[in-house]
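Position 52 of the sequence shown, counting from 1, maps to 52 under the UniProt record's numbering, and the rest follow consecutively.
One thing to keep in mind: the hints can contain errors.
[Unchecked claim] FRET-style restraints, in silico, Cβ to Cβ:
#	residue 1	residue 2	range
1	Leu24	Asp61	32 to 40 Å
2	Leu32	Asp52	14 to 22 Å
3	Gly62	Gln22	17 to 25 Å
4	Ser4	Ile57	17 to 25 Å
5	Gln22	Ile57	34 to 42 Å
6	Asn3	Asn56	36 to 44 Å
7	Ile33	Asn56	32 to 40 Å
8	Thr18	Ile57	33 to 41 Å
9	Val36	Ile58	27 to 35 Å
10	Val9	Pro34	15 to 23 Å
11	Gly6	Lys41	36 to 44 Å
12	Ser29	His7	35 to 43 Å
13	Leu24	Asp60	33 to 41 Å
14	Trp46	Thr18	30 to 38 Å
[Claimed, not checked] Lysine to any residue pairs mimicking SDA-like chemistry, simulated, CA-CA at most 25 Å apart:
#	residue 1	residue 2
15	Lys48	Asn3
16	Lys39	Leu24
17	Lys5	Lys21
18	Lys41	Lys10
19	Lys21	Tyr53
20	Lys41	Thr18
21	Lys37	Lys21
22	Lys48	Thr19
23	Lys10	Thr25
24	Lys41	Arg20
25	Lys10	Leu32
26	Lys37	Thr25
Simulated from the structure, these hints should not be mistaken for lab results. It should be emphasised that the depicted structure is a prediction, and the values quoted were computed from it without experimental measurement. All residues carry an ideal CB built from backbone N, CA and C; glycine is no exception.
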Amino acid sequence: MRNSKGHFVKGNEEGFTTTRKQSLTAQVSIRLIPQVKEKLKSIPDWQKRVRDYIENIIKDDGE
């Protein structure tokens, strides 16, 4: 179900669901030069790879 602006209403049957143990709700923003952004977005599954890389940095820093 959508509201008058076309956005999904919370709790609707058409809403997004995930198979992950935890939902990805937190956001981080970085600034890149446009060429790097385009190259990054051309990499298959780039979002998951960036998330994995960030988790590895955090894990390595804790040692």
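Outcome of the hint check:
1. Leu24 - Asp61: 32 to 40 Å: violated (21 Å)
2. Leu32 - Asp52: 14 to 22 Å: holds (18 Å)
3. Gly62 - Gln22: 17 to 25 Å: holds (19 Å)
4. Ser4 - Ile57: 17 to 25 Å: At 43 Å between Cβs, range violated.
5. Gln22 - Ile57: 34 to 42 Å: Violated, since glutamine 22 and isoleucine 57 (Cβ atoms, about 19 Å apart) do not stay within the stated range.
6. Asn3 - Asn56: 36 to 44 Å: holds (40 Å)
7. Ile33 - Asn56: 32 to 40 Å: violated (24 Å)
8. Thr18 - Ile57: 33 to 41 Å: violated (24 Å)
9. Val36 - Ile58: 27 to 35 Å: violated (22 Å)
10. Val9 - Pro34: 15 to 23 Å: Given about 36 Å between the Cβ atoms, the range is violated.
11. Gly6 - Lys41: 36 to 44 Å: Violated, since glycine 6 and lysine 41 (Cβ atoms, about 25 Å apart) do not stay within the stated range.
12. Ser29 - His7: 35 to 43 Å: violated (22 Å)
13. Leu24 - Asp60: 33 to 41 Å: Roughly 21 Å apart at Cβ, these two residues miss the hinted range, so it is violated.
14. Trp46 - Thr18: 30 to 38 Å: Check failed, 18 Å falls outside 30 to 38 Å.
15. Lys48 - Asn3: Measuring from Cα to Cα gives roughly 31 Å; hence the hint is violated.
16. Lys39 - Leu24: This hinted pair holds, its Cα atoms lying about 23 Å apart.
17. Lys5 - Lys21: Violated. Lysine 5 to lysine 21 sits at ~31 Å, over the 25 Å cutoff.
18. Lys41 - Lys10: violated (29 Å)
19. Lys21 - Tyr53: Distance ~19 Å between lysine 21 and tyrosine 53 Cα, so the pair holds.
20. Lys41 - Thr18: With a Cα-Cα distance of about 22 Å, the restraint between lysine 41 and threonine 18 holds, given a limit of 25 Å.
21. Lys37 - Lys21: violated (29 Å)
22. Lys48 - Thr19: Roughly 14 Å between the alpha carbons, so the hint for lysine 48 and threonine 19 holds.
23. Lys10 - Thr25: holds (15 Å)
24. Lys41 - Arg20: holds (22 Å)
25. Lys10 - Leu32: violated (33 Å)
26. Lys37 - Thr25: holds (22 Å)
In terms of the numbered hints stated before, the structure departs from hints 1, 4, 5, 7, 8, 9, 10, 11, 12, 13, 14, 15, 17, 18, 21, 25, listed from lowest to highest.
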